[in-house]
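Student: Sequence:
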Amino acid sequence: MTSDVVVNVKKKRITEILASGKRTDGRGLTEYREIQIESGVIERAEGSARVRLGKTEIIVGVKVGTGTPFADVPDKGVLTVNAELVPLASPNFEP
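Residues 1 to 95 in this note's numbering are what the sequence shown lists, from first letter to last.
If you're looking for bench data, these hints aren't it; they were derived computationally from the structure.
Any given hint could be a false lead.
[Claimed, not checked] With a straight-line Cα cutoff of 30 Å, these simulated DSBU-like cross-link-like pairs (lysine-lysine) come out:
id, residue 1, residue 2
1, 22, 10
2, 55, 11
3, 10, 55
4, 76, 63
5, 76, 12
6, 63, 22
[Stated by the list, open to error] Distance windows between CB atoms, simulated:
id, residue 1, residue 2, range
7, 8, 60, 38 to 46 Å
8, 50, 27, 16 to 24 Å
9, 91, 50, 20 to 28 Å
10, 91, 9, 51 to 59 Å
11, 66, 42, 13 to 21 Å
12, 43, 9, 47 to 55 Å
13, 57, 18, 37 to 45 Å
14, 30, 60, 22 to 30 Å
15, 32, 60, 14 to 22 Å
16, 38, 76, 30 to 38 Å
17, 57, 11, 51 to 59 Å
Just so it is clear, CB atoms sit at the ideal spot from N, CA and C, and this is done for glycine as well.
Required output: the full structure, derived from the provided sequences and hints.
Tutor: Here it is, written out as structure tokens:
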């Protein structure tokens, strides 16, 4: 029952926003935030970029290295992916 109430409150709020023609930050429904893209922002990375979307900023970097294959799979490579997020990135993120 509680979830039904929450869903109905959310639906009502979304309907109100659509009827007003404005987003909660004041932009119109078809207006987008300013986008800025820069490349090569990390000198020690093989590739990098900074993207700004309104007040949101994302920095990405790509590092490449070679190493010795694992003994049990000498003809296979390895790809390692890491993500480093600040605690403000998401309420679900645990540092």
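Student: Determine for every hint whether it applies to the structure shown.
Tutor: These are the hints, each one checked on the structure:
| no. | hint | in the structure |
| --- | --- | --- |
| 1 | 22 to 10 | holds (16 Å) |
| 2 | 55 to 11 | holds (27 Å) |
| 3 | 10 to 55 | holds (25 Å) |
| 4 | 76 to 63 | holds (19 Å) |
| 5 | 76 to 12 | violated (54 Å) |
| 6 | 63 to 22 | violated (42 Å) |
| 7 | 8 to 60: 38 to 46 Å | holds (39 Å) |
| 8 | 50 to 27: 16 to 24 Å | holds (23 Å) |
| 9 | 91 to 50: 20 to 28 Å | holds (24 Å) |
| 10 | 91 to 9: 51 to 59 Å | violated (19 Å) |
| 11 | 66 to 42: 13 to 21 Å | holds (20 Å) |
| 12 | 43 to 9: 47 to 55 Å | holds (49 Å) |
| 13 | 57 to 18: 37 to 45 Å | violated (29 Å) |
| 14 | 30 to 60: 22 to 30 Å | holds (28 Å) |
| 15 | 32 to 60: 14 to 22 Å | holds (21 Å) |
| 16 | 38 to 76: 30 to 38 Å | holds (36 Å) |
| 17 | 57 to 11: 51 to 59 Å | violated (32 Å) |
Of the hints listed earlier, those the structure fails to meet are numbers 5, 6, 10, 13, 17, in rising order.
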